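Colleague: Heads up, the sequence shown is in the working numbering, so the first residue is 496 and it goes up one at a time.
Just so you know, these hints were derived from the structure itself, not from any lab.
Hints should not be assumed to be uniformly reliable.
[As the list claims (entries may be wrong)] Derived pair list, reagent style DSS-like, types lysine-lysine, alpha-carbon separation capped at 25 Å:
#1 LYS575 with LYS663
#2 LYS802 with LYS642
#3 LYS715 with LYS745
#4 LYS663 with LYS642
Keep in mind the model is a prediction, meaning the values are calculated, not measured.
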Amino acid sequence: MSKKVLLGMSGGVDSSVAAILLKKQGYDVVGATMKLWEAPIDDAKKVCEQLGIEHHVIDLREEFKKRVIDNFVCTYMCAKTPNPCVECNKFMKFDAFYKAAKEYGCEYIATGHYAKVRYSEKYNQYVLAKANAEAKDQSYFLYGINKEILPYIIFPLSEFMDKNEIRKIAEENGLEVAQKKDSQEVCFIPNNDYVSFLKEINSFDTNNKPGDIVLNTGEKLGTHTGLINYTVGQRKGLGIAYKEPLYVLKLDKEKNQVIVGTEKELYSTELVANELNFLIDGIDFSEEINVMAKIRYRAKAAASTLKIENNQAVVKFKEAQRAITPGQSVVLYVDDIVLGGGKII
Numbered sequence: 496m497s498k499k500v501l502l503g504m505s506g507g508v509d510s511s512v513a514a515i516l517l518k519k520q521g522y523d524v525v526g527a528t529m530k531l532w533e534a535p536i537d538d539a540k541k542v543c544e545q546l547g548i549e550h551h552v553i554d555l556r557e558e559f560k561k562r563v564i565d566n567f568v569c570t571y572m573c574a575k576t577p578n579p580c581v582e583c584n585k586f587m588k589f590d591a592f593y594k595a596a597k598e599y600g601c602e603y604i605a606t607g608h609y610a611k612v613r614y615s616e617k618y619n620q621y622v623l624a625k626a627n628a629e630a631k632d633q634s635y636f637l638y639g640i641n642k643e644i645l646p647y648i649i650f651p652l653s654e655f656m657d658k659n660e661i662r663k664i665a666e667e668n669g670l671e672v673a674q675k676k677d678s679q680e681v682c683f684i685p686n687n688d689y690v691s692f693l694k695e696i697n698s699f700d701t702n703n704k705p706g707d708i709v710l711n712t713g714e715k716l717g718t719h720t721g722l723i724n725y726t727v728g729q730r731k732g733l734g735i736a737y738k739e740p741l742y743v744l745k746l747d748k749e750k751n752q753v754i755v756g757t758e759k760e761l762y763s764t765e766l767v768a769n770e771l772n773f774l775i776d777g778i779d780f781s782e783e784i785n786v787m788a789k790i791r792y793r794a795k796a797a798a799s800t801l802k803i804e805n806n807q808a809v810v811k812f813k814e815a816q817r818a819i820t821p822g823q824s825v826v827l828y829v830d831d832i833v834l835g836g837g838k839i840i
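Based on the sequences and whatever the hints tell you, model everything.
Modeller: Here is the structure:
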């Protein structure tokens, strides 16, 4: 009897090809689209019909608002920069979706993410690792998932090196989504205009008031238009004149100040993170261990040390990192394996 898998289908080419690959591998594939926002589901339904597999819609809008949108707003209210994809993967795609799989009688769940789950002899457990195509690897966004479900996750695209290979498979199988563009936006932010989205929420007025732009010395250089309009590392749109280029170094919520400085001041050799989640058992964090750390999705992993103190991760970099941003995630790797991560504070 073939093993049953619930595949998350967005209607994009990645998840559609994942369905083809799973069927070829002998799985009994059930397609499901999570209704998280007011996004169309027609493409996903059409692909399932074309491939002859069931298609279900799982309405998770209420949970999505609570876990992802409210967190997004709250993080900005705290003058930090959120990463909603991390929250969505943790609570929606690899929690609520896994529970739905059980209801449909599926042993496994699968998605079109570029990441890998494999059994590690070194750690004697299933681990999350980078995909073969490192340029497209999405393991950074997945550190927050529950390690207990790793044995039941399948990433059919983990071995592919190039997106063109994926599109070719879609074309060979006559899928209309073969050349569908990848989404580059946060799904609930129209036109990627997060400021307009936040301004529509009345409770956010506290972080949308003008205040001072100052140097670290306290010297006032100008006036900002509301903390929601700024993030660490930003240079453009400051509206101030100075003898050298200035960048946002910090957002001070209590004083309603944007603190700016030179590019050199953007670099730091240490960060602290909380809301930790680790995917590997049996590691002693009381002593410093060597890891590779990514401070944002597009950043290169940097050599560093990790130590846990008072339930917080202290990460010290061998070389200073640019624009370490509160609210973003730091994700920690040992070789190609995701050790875990947390939120930068």
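Colleague: Report the numbers of all earlier hints that the structure fails to satisfy, in ascending order.
Modeller: Violated hints (numbers, rising): 1, 4; every other hint is consistent with the structure.
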